[in-house]
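Undergrad: Take a look at the letters that make up each chain.
2 protein chains.
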Amino acid sequence: MTMARIHCHQIAPVIGNRAANQAKAVTAIAASASHGADIIVLPELVLSGYMFESSEEVRSLAVSPGDAVFAEWADAAGDASLVVGGFPELGEDGGLYNSAAILDRHGIIAVYRKVHLWDKEKLYFTPGVQAPPVIDTPAGRIGILVCYDLEFPEMTRGIALGGADLIAAPTNWPYEPRPDGEGPPAVTIARAAARVSRIPIACCDRSGNERGQVWNQGTSIIDSEGFVVASASDADGVATAEIDVMASRDKTVSPLCDAFGDRRPDVYTQMNQLTAEFGSTVYPRLIARRLAT
Amino acid sequence: MTMARIHCHQIAPVIGNRAANQAKAVTAIAASASHGADIIVLPELVLSGYMFESSEEVRSLAVSPGDAVFAEWADAAGDASLVVGGFPELGEDGGLYNSAAILDRHGIIAVYRKVHLWDKEKLYFTPGVQAPPVIDTPAGRIGILVCYDLEFPEMTRGIALGGADLIAAPTNWPYEPRPDGEGPPAVTIARAAARVSRIPIACCDRSGNERGQVWNQGTSIIDSEGFVVASASDADGVATAEIDVMASRDKTVSPLCDAFGDRRPDVYTQMNQLTAEFGSTVYPRLIARRLAT
Chain A
754 MTMARIHCHQ
764 IAPVIGNRAA
774 NQAKAVTAIA
784 ASASHGADII
794 VLPELVLSGY
804 MFESSEEVRS
814 LAVSPGDAVF
824 AEWADAAGDA
834 SLVVGGFPEL
844 GEDGGLYNSA
854 AILDRHGIIA
864 VYRKVHLWDK
874 EKLYFTPGVQ
884 APPVIDTPAG
894 RIGILVCYDL
904 EFPEMTRGIA
914 LGGADLIAAP
924 TNWPYEPRPD
934 GEGPPAVTIA
944 RAAARVSRIP
954 IACCDRSGNE
964 RGQVWNQGTS
974 IIDSEGFVVA
984 SASDADGVAT
994 AEIDVMASRD
1004 KTVSPLCDAF
1014 GDRRPDVYTQ
1024 MNQLTAEFGS
1034 TVYPRLIARR
1044 LAT
Chain B
754 MTMARIHCHQ
764 IAPVIGNRAA
774 NQAKAVTAIA
784 ASASHGADII
794 VLPELVLSGY
804 MFESSEEVRS
814 LAVSPGDAVF
824 AEWADAAGDA
834 SLVVGGFPEL
844 GEDGGLYNSA
854 AILDRHGIIA
864 VYRKVHLWDK
874 EKLYFTPGVQ
884 APPVIDTPAG
894 RIGILVCYDL
904 EFPEMTRGIA
914 LGGADLIAAP
924 TNWPYEPRPD
934 GEGPPAVTIA
944 RAAARVSRIP
954 IACCDRSGNE
964 RGQVWNQGTS
974 IIDSEGFVVA
984 SASDADGVAT
994 AEIDVMASRD
1004 KTVSPLCDAF
1014 GDRRPDVYTQ
1024 MNQLTAEFGS
1034 TVYPRLIARR
1044 LAT
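Chains A and B, in that order, are what the protein sequence lines are.
Be aware that the first sequence starts at 754, since it is given in the numbering used here, and climbs by one per residue.
Be aware that the second sequence starts at 754, since it is given in the numbering used here, and climbs by one per residue.
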């Protein structure tokens, strides 16, 4: 059993103030590194804030993976810590991407460009076209998704089938009204994704009030059974948990059941082909009745 | 707006007593039909009970879709009601299937053989090989899944993409210990499936104590936002809700987002192909770093 110590920092970035945001990020990384964290997760777009008003504003805040900000993150990470955090990326093609970097003390290991852009992000960013990375690290195989990606079961399932032991997910979950007594739906979705693929998920949300927008403050470290084992008690708090990340390679769900072994790709392909061919799998009632008898 | 009145009967079948179970099923159907239900859902294996001790026991309780029990269900359904309920099916091939029928007053419209068998079901039943049916009815397009099927996002997503407006899911959810204050994980999974595909799900669980096994009694009618709008307050109670089933054809989730329109099959295919070709999408750290810089 190899326990990984996971820290998620529910930081409140200040829109447009990269220096202040970088200082918060570095302080968070250094604090967690000094407490022996193995994996440190920061929010989506932690370097810039989120509620942009124009593409020009995004461009003025965007950085390339070669930027010195990441060398500072790497220095703060120290020997044992991996960091996953979000930033507005200025691509070598001049495009703007909503990206997340994974890095260690040697610097960036991989950059993921968010594939599913939420709402007005579509006005400012180009969606990623590459599958999310799954990186083999001493703390386990870490897969990266960003926020709205989690709401696509194809992504959470795909990255688990792709060998991830843990999903690290920087998020910025805008608050939405919900019935009394209910938690954020985004957390319900992440919990279900964790449970059906028996994979822990570390969601690092943000806090603060930005241009009138408030947030779920839904930071949640979810175990492979889909239970929230840590959340951030304060607005800008830290969720911490120790999780046996590699244990998620065992997909046993009952004496005779296995979450992956029980999959039926033959039937999934059939469903997809029917839908592709006919636009749907809907049977008119009479045809169905004829087939049934 | 066309509201569909949905009733889910959390019946407690008696293992092995088909006559008693049939009487409970017919009483439930007739009661709901008299209250104007459009869609009546009964539990998985409502005709037989669940905690079998041998294949012979299953065989002694199995019926074919042509059996008179379904004519009685159809008679009880009346003019407006559709019924979805589970039964142990004796196939024309002699096989035993954990099946669900959808029927109206004219009789069976379609039979679905459960594709994902849970635990000891594997000892007694043959898994289905056909995609689940989606049936066009006056109350909307009804897709059918059974219990453990719901834990495979490929199924819930696939049936929604296949055109279902509502998933009707007979279940038998064995009780599992869970942390204080938590609901059944199976309900969390169904809620997330509903929300990510913006499709209501009517889960009809069972009650009773059968050979020492108790149940979640998790009957839940879930709306297309993933909130539970009705559950069964008593062990053998009825959950009832009116839902604008066809409204789920609108997959809007924000001014600029659509749950289906935002899907990225290009990336999902990429992930699946990488996993198929290399066994995983895991990058060794050094290769990832080289690609990133």
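Honestly, the hints are just simulated from the structure, not real lab data.
Hints may be right or wrong, so weigh each one.
No copy is singled out in the list; a pair is fine if it fits within one copy or between any two copies.
Stated by the list, open to error - As a list, the in silico DSS-like pairs of lysine-lysine whose alpha-carbon atoms are at most 30 Å apart:
no.	residue 1	residue 2
1	K1004	K875
2	K777	K1004
3	K873	K1004
4	K777	K873
5	K875	K777
Undergrad: For each hint given before, does the structure comply? Return the numbers of the non-compliant ones in rising order.
TA: Hint 2 is the one this structure does not satisfy, whereas the remaining hints hold.
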